[in-house]
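Participant: Chains A and B, in that order, are what the protein sequence lines are.
Positions -17 to 118 (this note's numbering) are the ones given, in order, by the first sequence.
Positions 4 to 113 (this note's numbering) are the ones given, in order, by the second sequence.
No lab work stands behind these hints: they were computed from the structure.
Quantities reported herein were computed from a predicted structural model and do not represent experimental measurements.
Built from N, CA and C at the ideal position, the CB exists for glycine as well.
Accuracy of the hints is not assured; some may be wrong.
[To be verified] From the derived model, a few chain A residues whose C-beta atoms are all more than 10 angstroms from chain B:
1) Asp(-16)
2) Asp7
3) Ser35
4) Leu38
5) Ser42
6) Glu47
7) Glu48
8) Ser93
9) Gln103
[Unchecked claim] Which residues of chain A face chain B? A few of them, derived with a C-beta cut under 7 angstroms, are:
10) Pro(-9)
11) Leu(-7)
12) Val(-6)
13) Ala(-5)
14) His(-4)
15) Ala(-3)
16) His(-2)
[To be verified] Distance windows between CB atoms, simulated:
17) B/Leu100 <-> A/Lys20: 32 to 38 angstroms
18) B/Pro91 <-> A/Glu23: 52 to 58 angstroms
19) A/Lys117 <-> B/Pro78: 35 to 41 angstroms
20) A/Ser28 <-> B/Pro105: 37 to 43 angstroms
21) B/Pro91 <-> A/Val94: 21 to 27 angstroms
22) B/Leu106 <-> A/Lys24: 29 to 35 angstroms
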Amino acid sequence: MDLRSIIAPRLVAHAHCDIPCGIYDPSAATIAAQTVAKMVEKITGSTGTDEASRNLFIRSVAVKEEHAQICKKELLILWSDYFKPEHLEKYPKLHDTFWKAAKLCSKNKQSVDAQAAADLQAAVKEIADIFWATKK
Amino acid sequence: MRPATALFAVAVAGQSMEPTLRDGDWLLVRRLRRPPRPGEVVVAADPREPERLLVKRVRSVAPEGVTIQGDHADPAESTDSRQFGPIPRSAVVGRPLFRYAPLDRIGLVR
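Kindly generate the complete structure, drawing on both the sequences and the hints.
Facilitator: Below, the structure written as structure tokens:
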């Protein structure tokens, strides 16, 4: 569990006009992509055949799978719910960037590939950078 | 919505309290036992939907209830007592004391 999820409020206090505005944040996708990369490292580095090593190996695979899926879900939420047509005008490659990032999530589920994991981190960072630029 | 602890955290959603509070601010809130005072920022149950919390500023406190209003200069940006009227005192849950995130906006809530 990361620090952010420990200190994050469990409640929302609304300061609205009546239309609810969601809170969006690319951090969840960033952390998930980092986790995938970390798991690829653990899987690749795992050579032991004893029970403890096999357990760690299998867990690492499971966590990689899970976090690649979390990453995809978080990206899709940003894509469909946060970004608006005005953003697309300013960032014409936005759809392509998201599409490729989502595909990289799948690739990281299918394979144990440090390059794919690094590519996913880079793709999520690109999206996070665009996200924060729209917040300025 | 009645948080069980004397201190609790909320995430601000929406723009109606700008510039005091921004969408995404994380606040530490102290449960309020005394009556609210005019000028204070409070967290209150939405009179139209009690499970939902609002964060607004107290304009006035009268026997008929507490008038709350968003800080935003444009009234269209806030739904508050100007639409739903005064809220009962019992609807006021707490008072935000401190903003602990984002890091560059850490500080007291006034």
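Participant: Hint compliance check: list the failing hint numbers for this structure, sorted ascending.
Facilitator: 2, 19 and 21
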